[in-house]
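Enquirer: Protein chains in written order, with my numbering: chain C, 6 to 305; chain H, 432 to 617; chain P, 1348 to 1578.
Keep in mind that the hints are not guaranteed to be accurate.
DSBU-like, lysine-lysine: derived pairs with alpha carbons at most 35 Å apart [as the list claims (entries may be wrong)]:
1) K1505(P) to K1474(P)
2) K574(H) to K560(H)
3) K1437(P) to K574(H)
4) K574(H) to K1474(P)
5) K1437(P) to K560(H)
Footprint (simulated), chain C over chain P, 3 or more residues, beta carbon under 8 Å [unchecked claim]:
6) 1402–1413
7) 1436–1449
These aren't lab readings, by the way, just hints derived from the structure by calculation.
A quick note: this is a predicted structure, and the numbers were derived from the prediction, not measured.
Don't be surprised by glycine CBs; every beta carbon is placed ideally from N, CA and C.
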Amino acid sequence: MNETLLTILEVIFMPVVAFVIGLFMVLMMRKLAARLQRRVGPPLMQPFYDVIKLYGKQTQISHGLIHDIGIIMAVGGYVAAESLLPVPGMDGIADKGGIVMLAYLTMIPSLGLALGVGQCANPNGSIGISRALTSMLAYDIPYIIVIFGVAYHFGSTNLIDIIDTQQAGGVATWGISEMPVLAIAGLFALHASLGKQPFEIYIAPAEIATGPMVEMGGKYLGGLFVMQSFQLYTASVLYVSLFLGGGENWITFLLKCFAVLAIPIIIAYLFPRYRTEDLVRLVWKWPVMLALIGVAFVMT
Amino acid sequence: MSEADSQKLNVLLQGIEGLQLTQFNQRRLRADISPEALPALLALLRGRAGYVHLSAISCVDWIAEDEFELVYHLYSYETKILISAHIRIARDPGVYLSVFDIFTPAAFFERDIHEMYGVYFEGSPDMSKFILTEWQGPPPMRKDFDSEQWVMDTFNWQDYHPDWLQDIEQKGGGIVRTPESRRGEE
Amino acid sequence: MTQNELEKIEISTQPKRTNPLANVFDDLVRFCRSRSMFMLHYCTGCGAIELPPAMTSRFDMERLGIQPMVTPRQADILLITGYVSIKTLKRVILTYEQMGSPKYVIGICSCTVNGGMYWQSYATAKKLDEYLPVDLYIAGCMPRPEAVMEGMQQLMQKIKTGEADSWKKYYSHYDYYLGNQQQLFGNNWQTPTDIIGEAESYQLMGPQTLGEHTKILQQVQKPLEPLEMKL
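Chain C extracted, bound-state conformation (with noise of 0.2 Å):
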């Protein structure tokens, strides 16, 4: 019973705390940018009064049922993510999930995007909402190889088995060290997931006018902000996971997502974007190639 109470507990806390790590790495995507382009960058609450004042917005323009709906399932995806996110002292429900139910949690933000959008009726968005489609399909191959290689590296899709052993063996038998290959293949779909430059191809503000985002405004363009700050984490988080070893505690597992999100939006400040279909090309070429390659070193 207390077990169960404790659980219930964590499901609910998970995601609280993804939230407000989430909107500190907003920021700090914000600051680098800025520090990139030699600017001083937002205020440290920055991103919470972006939230709030987007919440607090009098007058909200809703284009139908679905368009609500929407909005609830791509942050409500994420918010189910959380939950099988293992982070230091907490499991949640991570050991009845696992990672093959963690990549499927983390496509139906996309997909309730697509819902919410098309009922906007605005081409724009139907424009962009098929482009985050199209690179969904991009990255996602590279991100299942990296998964699959991984899981059968450690023979478990169980997360807090994968921590586990990473972090009783040490640096020596973290993902990095023993699948370098799949590491670095994961992190080139980790940053096509996120959206950014040069795979930002459904936002390009200058183009279709932020794609997806184009009718939002008030509370939906708020939940996409929510939205963005769970993206951030579940790719971080998964990412250390499954090749930094886990958090031992707070602070190195703050220290290690921190530093593995950086390292995307570092390079997205410094590029253009491609095209649509420059990035499958991209993406279905060199992430793959390495993915299995190194899976290949995996089985062996």
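Since the structure of chain C is already known, use the hints to place chains H and P on it.
Expert: Below, chains H and P alone, put in the same frame as chain C:
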């Protein structure tokens, strides 16, 4: 303009009545011509002399003479000469023939002139509103249209010393030197 | 109704709520609004050239939480940076009406105040605040980025204290604004956004929301149809 070019052009154009050619420099020619002969001149220049580019049609309102002047600018990429063909039409009906059948781009220039001056071009494909889609008044580029008067009649103006400016003026801001006070200084 | 009469009418601002917690919450939301302004710079004229330096490394507006947004739905501030031709004004009004409230309008450059150097042109609108409620003018031809930043900070201050509520004026005095718009665009003028319906839905109706001009609008108003796709 080389001697050969000049001779060629003279031979070509000698059949056109009432044509008066003035040369400004190597690359500019002015042709004054009667409105009846202009289509023939344009067709000849385009078909036989390589003046394929109608770069603009401009219009001048000579209100004292009660006439519109239409200027057709033709350019040749071969001889690199710009010929401006000037015609005068009566201001009152303000109707002239379209040269759309000779130069397709003329449609846009004619539509523009129709909108700005009220000159009607017969045979032009589209004489509807072009840029001033919100405009209800008379053609605004005509000399008898008083833009300033129209603006005065239509719009209200911001007060130069509204109440809210007084606090700012006390702090040293606002309009320190009005245009009236500066007029004598120059 | 003249502009002076309009200024005299005070909008009944929401009375302070009695619950102290609700007051704290309102203050927090207002503070966040002032510290997070998404701007849609509608670059109508030359003044837009002063915004890139204000946004990039020299002056860096992001320090104050101001960042550019690309669609009206996402934006809070509408920056009108220069002369507004009558044709542009139509688009500005459409854009303004699509923004989510609370929304603020900043008129940059002298042209938005009084027509500026285009004062005798038949094609430009003269006083922007006859057609839209303007929160703040930044005069100058063009104002330097410092002035733009100063203006932004003033707007932040106004939002924090709750003074910047001119967007309510658009709902509560819609008849006045619509009348001025009809004078320029003709009596067939209508926008896709149903302002009267919004005012009813959000309880922002004022004594001047309905009037002779809205009566004309209701007579000519046609239901919206999707635009035909044409190449």
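Enquirer: Next step is simple, just say for each hint if it's right about the structure.
Expert: Hint by hint, here is what the structure shows:
{"no.": "1", "hint": "K1505(P) to K1474(P)", "verdict": "holds, 22 Å"}
{"no.": "2", "hint": "K574(H) to K560(H)", "verdict": "holds, 20 Å"}
{"no.": "3", "hint": "K1437(P) to K574(H)", "verdict": "holds, 28 Å"}
{"no.": "4", "hint": "K574(H) to K1474(P)", "verdict": "holds, 26 Å"}
{"no.": "5", "hint": "K1437(P) to K560(H)", "verdict": "holds, 16 Å"}
{"no.": "6", "hint": "1402–1413", "verdict": "holds (count 6)"}
{"no.": "7", "hint": "1436–1449", "verdict": "holds (count 5)"}
In this structure, every one of the numbered hints holds.
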